[in-house]
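Model the full assembly from the supplied sequences, consistent with the hints where possible.
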Amino acid sequence: MFDKPNPYNSISDIFVDYLFHDFSDPDIREQILIDCYEFLVKKIKNNDDYKLFNVDMKFDKEGDVFTLKGNNLISSLWLIGVYPKNPSELKDSVTYSENKISYIYNPKNKNLTIINQ
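Residue numbers for the sequence shown, in this note's numbering: 1 to 117.
Just so you know, the hints here were simulated from the structure itself, not pulled from any lab data.
Careful: at least some of the hints might be erroneous.
Capping the alpha-carbon separation at 25 Å, the derived lysine-lysine pairs in DSS-like fashion look like this [stated by the list, open to error]:
no., residue 1, residue 2
1, LYS91, LYS51
2, LYS69, LYS51
3, LYS45, LYS69
4, LYS43, LYS100
5, LYS100, LYS110
6, LYS91, LYS45
7, LYS43, LYS85
8, LYS108, LYS42
9, LYS100, LYS58
10, LYS43, LYS69
11, LYS45, LYS85
12, LYS108, LYS43
13, LYS100, LYS69
14, LYS42, LYS91
15, LYS69, LYS42
16, LYS100, LYS85
17, LYS51, LYS110
18, LYS110, LYS43
Here are the simulated distance ranges between beta carbons [to be verified]:
no., residue 1, residue 2, range
19, ASN54, ILE101, 33 to 39 Å
20, LYS51, ASN111, 19 to 25 Å
21, ASP22, ASN86, 18 to 24 Å
By construction, the Cβ of each residue, glycine as well, lies at the ideal position given by its N, Cα and C atoms.
Next up, the structure:
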């Protein structure tokens, strides 16, 4: 009868929601990605652009530090709450500019640099 309300305003909200779960559990990681895809389908509303979302989730040896990195520019932008209008146009790009801010993705180390112009 009623749609379940979406409690997420950004992808980072999804990861915060799962903070107290065991991220090393493959089922938990899969559910996180499913939630991310569902969020993106509603947020970007462009065909299959949500399929561009690709991230690495890693823990240090002690399991104390969780690292999340986008495997491409668009994933990195989505992780920080930036949602370009035409994500598929950025598929092979390493730079994006919006509102006098430049985002530069380094595919070697998967870091995203943000420059306020």
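Outcome of the hint check:
1. Note on LYS91 and LYS51: the hinted pairing holds, with a Cα-Cα distance of about 11 Å set against a maximum of 25 Å.
2. A threshold of 25 Å between alpha carbons decides the hint, and for LYS69 with LYS51 the separation of about 16 Å falls inside it, so the pair holds.
3. For a cut-off of 25 Å, the pair hint linking LYS45 to LYS69 stands: about 23 Å separates their Cα positions.
4. For the suggested pair LYS43 and LYS100, the alpha carbons sit about 23 Å apart, so the restraint of at most 25 Å is met.
5. With a C-alpha separation of about 22 Å, the suggested pairing of LYS100 with LYS110 holds against the 25 Å cut-off.
6. This hinted pair checks out: LYS91 and LYS45 have alpha carbons roughly 16 Å apart, not beyond 25 Å.
7. A distance of roughly 10 Å separates the Cα atoms of LYS43 and LYS85; the hinted pair therefore holds under the 25 Å criterion.
8. Pair hint LYS108 plus LYS42 does not hold up; C-alpha atoms about 31 Å apart against a cutoff of 25 Å.
9. This hinted pair does not check out: LYS100 and LYS58 have alpha carbons roughly 32 Å apart, beyond 25 Å.
10. Distance hint between LYS43 and LYS69 is fulfilled; the C-alpha atoms sit about 20 Å from each other, no more than 25 Å.
11. Only pairs whose Cα atoms come within 25 Å are accepted, and LYS45 paired with LYS85 is accepted, the gap being roughly 9 Å.
12. With a CA separation close to 28 Å, the supplied pair LYS108 and LYS43 exceeds the 25 Å bound.
13. Note on LYS100 and LYS69: the hinted pairing holds, with a Cα-Cα distance of about 24 Å set against a maximum of 25 Å.
14. Taken as a hint, the LYS42 and LYS91 pair is honoured in the structure, with Cα atoms around 19 Å apart against an allowance of 25 Å.
15. Proposed proximity of LYS69 and LYS42 is supported: the alpha carbons are some 22 Å apart, at most 25 Å.
16. Distance restraint check for LYS100 and LYS85: the Cα-Cα separation of roughly 16 Å lies within the 25 Å cut-off, and the hinted pair is therefore satisfied.
17. With a C-alpha separation of about 18 Å, the suggested pairing of LYS51 with LYS110 holds against the 25 Å cut-off.
18. For the suggested pair LYS110 and LYS43, the alpha carbons sit about 24 Å apart, so the restraint of at most 25 Å is met.
19. Distance hint for ASN54 and ILE101: a CB-CB separation of about 23 Å, inconsistent with the stated range 33 to 39 Å.
20. Taking 19 to 25 Å as the suggested C-beta distance range, the pair LYS51 and ASN111 conforms, at roughly 23 Å.
21. At about 37 Å, the CB distance of ASP22 to ASN86 disagrees with the hint of 18 to 24 Å.
Figure legend: structure checked against the earlier numbered hints; hints not met, in rising order: 8, 9, 12, 19, 21.
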